[in-house]
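S.K.: Given next are the chains, with one letter for each unit.
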Amino acid sequence: MTDYQEIGLKSGIEIHQHLATHKLFCPCPSELRQNKPDFTVKRELRPLAGELGEIDPAAIFERKQRKYYIYEAYDDTTCLVELDEEPPHLINPEALHIALLIAKMLHCKFPDIVQVMRKTVVNGSNTSGFQRTALIGYGGFIETSFGKVGIQNIYLEEDAGRRTAETPESVTFRLDRLGIAEVEIATAPDCKTPEQVKELAEKLGMLLRSTGKVRRGIGTIRQDVNVSITGHPRVELKGVQELPHMPKIVDIEIERQQDVIKKGEKIEPQVRNVKEDLTSKFLRPMAGAARMYPETDLPLIFLDSNYISNIKLPESVESVKGKLQELGLSPDLVNQLASSAELPMFLAFTKKYPKLNANLVATTMLVTPKEVKRKLQLQEFELHEDIMDKVISALDEGTIVKESVSAIMEELAKSKQKDVDSIISKYKLMSDAELKKEIAKLQKEFKGPPDKLIGVAIGKFRGKANPQKIIELLKK
Amino acid sequence: MAAKFSVNDKVLVETKGSKYEGIVMPTLEGQEDVLIIKLASGYNLGIKLTKEVSVKHVGKAEKGKQPSIKPPFRKNLPSISIITTGGTITSKVDYSTGGVSPLIKPEEVFLATPELLDIVNIKKIVQPFAIWSEDMTSAEWQVIAKEVAKELNDPEVSGVMVTHGTDFLHYTASALSFILKGLNKPVAIVGGQRSSDRGSFDGGMNLICAAHYLKSNIAEVAVVMHGSTQDNFCYAIRGTNVRKMHTSRRDAFRPINELPLAKILPDGRIERMNKILNLRSDKGKVEADVKFEPKIALIKYFPGADPAILEYFMEKKYKGLIIEAAGLGQVSTNEKQKTVWTPTLKKLIKAGVFVGFTPQTIYGRIDPFVYSAGRILNEAGVCYLGNMLSETAYTKLGWVLAHSKNLEETKKLMLTNMAGELIEQILPKAFSD
Ligand SMILES: [Zn+2]
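As you go down the protein sequences, you meet chains A and B in turn. Each residue of the first sequence is one higher than the one before, starting from 1 at the first, in my numbering. Each residue of the second sequence is one higher than the one before, starting from 1 at the first, in my numbering.
Just chain A, with the same shape it has in the complex (with noise of 0.2 Å):
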């Protein structure tokens, strides 16, 4: 086993985590498109001398690898600030407010006056070739079981384009997801062992879920680790998945850094991208300083101290379990909620649907999905919000029986979330008078011994009627 404290490991994660707000810099949604796109422009970028007149040696290697980009968008979605062709609009003040509150959840100090920056990036993924962020927030901290991990730095910045294609003379990006609100987290490199790396990430992910106010789904949240170790300077891995990975993926990284020292190759730091085997490859130099520069289209943002003290943080964790107890939720359900990030929703929807049992409600959000995944083997499965006030309000005004919520479920996996209404109602319960006919008709028809009817016609009504309402009707 390696001693990591041997040899000097050093590891810290950033992540990326999309805010539930429109865009950061104009009104665009922030909705991923799946829809062919309505028209694509191309454009070239050229590398600049930066603030402080220096060529950033990321934006030359950038530079070298391509020709032009082709940007894909939607005629409702992309407005001409995605495609460079307008001024930034003031900041979304909704995103400012969700990323102050998560720094200051990270007990972050924040500067009195926050500045836009522009940061060079040639790789295309930005029309305007460059990336708005600012720091909105430092010097934080979280605990967790090993000790405390610092938090150097919060920023709110805009996600880039999202590449679908790629040709020798050009990249393809989908400005759906340019402009994008996002918090990127920085903590220090204090983490002394790949499983404090591990647990951290997902303090953080649960940190920004209990938010309430943070994007969920593929693509909503990415995780960055850097890796040094003595001898060695930091190394950014990017594109870690899955979060059990990271210990492996970290050791795989460390093991590199070792074989590199010993054959005394050059050493520089790097970012590399991690591949499906959980090795990575060489993706670019590190950026310097000098990639940054003002967002002049920009006014300075004044942060008012007033306001952070005013910022509510999102009740602890004790005390919403005793809210959800009172609901009358079971122990399982309130444990399970009361970390979870679809809390938010899920007090929503007793608000929104008094009447209808708690633990039904949660049932459906929490653990049939789960289930569904688990019986069709899918990667990844969560109802949108809407879809899921749709079977929540099915079941709510009796249209529905409970037992139908999974075939529904199972139904909407397949067709996308696609034709709801008409899955739904498909699962619709008979009317009294059309039950009663039926039942009629299965009494006539039935040949088997009696006591074996009432079996008979639940399974045949299943998720049609009542079982209660068909005993009944039975025994008349």
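Think of the hints as simulated: they come from the structure by calculation, not from any bench. Please note: incorrect hints may appear among the correct ones.
[Stated by the list, open to error] When the alpha-carbon atoms are kept at most 30 Å apart in a straight line, the in silico DSBU-like pairs for lysine-lysine are as follows: (1) A:K148 / B:K16; (2) A:K119 / B:K10; (3) B:K56 / A:K42; (4) A:K119 / B:K56; (5) B:K19 / A:K148; (6) A:K42 / B:K215; (7) B:K19 / A:K203; (8) B:K215 / B:K146; (9) A:K109 / B:K56; (10) B:K215 / A:K67; (11) B:K19 / A:K104; (12) B:K146 / A:K312; (13) A:K109 / B:K146; (14) B:K51 / A:K104.
[What the hints assert, rightly or not] So the derived list for chain A, only partly shown, Cβ under 10 Å to chain B, looks like this: (15) L83; (16) I113; (17) Q443.
By construction, the Cβ of each residue, glycine as well, lies at the ideal position given by its N, Cα and C atoms.
Mind docking chain B with the ligand on chain A? Use the hints.
M.R.: What follows is chain B with the ligand alone, placed relative to chain A:
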């Protein structure tokens, strides 16, 4: 607090238990109580300079080296001259004002567009001044025109490029069209909508396409800028029929009432699109006939506009007015309305002031014979300028007034086509997206 420090100093700042080390960045005027420092990470952070803040000077930041550029000479390439006048295309972020400001050295334009040197030799770069285009007056047009003529008359020069701010670029384009007489080589006016300090600098392709234009046989003053939102081609648009039609898009400049002169691809292919072209010749000399009457104004007619505003121009002894009229060329002629314009217009014209109407709709031509208002105004002596763009009519009027003896002659010259500004045949394709 307020220890002495200046921009580019390395400082250590202590405040409320926080310590920062960084380089002092400039702040905007009126924000003297704010200290902006650049941290090692490259991020800027601001500190309010209160009593609790202490700033210690710890050193000086190293200044980055600007690579020096001397354009090489290649025998097989034609030569051009460049007149730079300021504007976004030759500007970058100025950290002392926080805004975008003109490049210190015009040569810096090649840092952003080195490809230019594979297309043409740059014989000369002249920078008579560097200002934003909204600050320009007819005095600057005269300076630019003289420089352009001087360079065009150099037999080694194939054409001249003028780099310019975009806001009023079309005014300069039309002014040069009237001032430069005997034009026998191409003149390209080029701007940029994104500054050269960003990766998405659009001026790069504009400069490249303009260089190709200057090698062509089209001897016209043309604005050469993006033809679409993509970096795929530029249009060369006649200087008298071009207008900035968008505040920020790359393809803001559009031809009005006619097609572009040519479509120019960055690889050098040129596709002519317009039959009305003055072609290159090696005969004669270009003259900059710069006499210009600045006492002129451009006014927009609007609902309920009080004709009393016109009295001001009479009082101040203006020599001519261009009025953007409604629709086919109307202003109020209804005597029952308090805001009727006819009596005041008559008064002006009687006093010898030239009054010309242009279409407020931008596209199309005005016509005095369709409505009675038009007939009344025409009768009153208003000069209907057809399709002429207001901005073009304005620069033309300045030139014409300096070259005519009386109102009759002014009217005659204003209605004489000089640089393609009066279009007889407006093609349907000239108004479509
Ligand atoms: Zn937008």
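S.K.: Could you run down the list of hints and mark each one as holding or not?
M.R.: Tested hints:
Simply put, K148 (chain A) and K16 (chain B) have alpha-carbon atoms about 23 Å apart, close enough for the 30 Å limit, and the pair holds. A threshold of 30 Å between alpha carbons decides the hint, and for K119 (chain A) with K10 (chain B) the separation of about 21 Å falls inside it, so the pair holds. Of the supplied pair hints, the one linking K56 (chain B) and K42 (chain A) is violated, its CA atoms being roughly 49 Å apart against a limit of 30 Å. A hinted pair counts as satisfied when its Cα atoms are at most 30 Å apart, and K119 (chain A) with K56 (chain B) qualifies at roughly 28 Å.
Simply put, K19 (chain B) and K148 (chain A) have alpha-carbon atoms about 21 Å apart, close enough for the 30 Å limit, and the pair holds. Among the hinted pairs, K42 (chain A) with K215 (chain B) is consistent with the structure: their alpha-carbon atoms are about 26 Å apart, no more than 30 Å. The straight-line distance between the Cα atoms of K19 (chain B) and K203 (chain A) is roughly 28 Å, inside the 30 Å bound, and the hint therefore holds. Simply put, K215 (chain B) and K146 (chain B) have alpha-carbon atoms about 21 Å apart, close enough for the 30 Å limit, and the pair holds.
Distance restraint check for K109 (chain A) and K56 (chain B): the Cα-Cα separation of roughly 21 Å lies within the 30 Å cut-off, and the hinted pair is therefore satisfied. Under the criterion of a C-alpha separation no larger than 30 Å, the hint pairing K215 (chain B) with K67 (chain A) is consistent with the structure, at around 25 Å. With a C-alpha separation of about 19 Å, the suggested pair K19 (chain B) and K104 (chain A) falls inside the 30 Å cut-off, and the hint holds. The straight-line distance between the Cα atoms of K146 (chain B) and K312 (chain A) is roughly 67 Å, outside the 30 Å bound, and the hint therefore fails.
Proposed proximity of K109 (chain A) and K146 (chain B) is contradicted: the alpha carbons are some 60 Å apart, above 30 Å. The hinted pair formed by K51 (chain B) and K104 (chain A) meets the criterion: a straight-line CA distance of about 25 Å does not exceed 30 Å. For L83 (chain A), the suggested interface contact is upheld, since its CB lies about 6 Å from the closest CB of chain B, less than 10 Å. At about 2 Å, the closest approach between the beta carbon of I113 (chain A) and any beta carbon in chain B falls short of 10 Å, and the interface hint on this residue holds.
The beta carbon of Q443 (chain A) comes no nearer than 71 Å to any beta carbon in chain B, farther than 10 Å, and the hint placing it at the interface is violated.
The structure shown violates the earlier hints numbered 3, 12, 13, 17.
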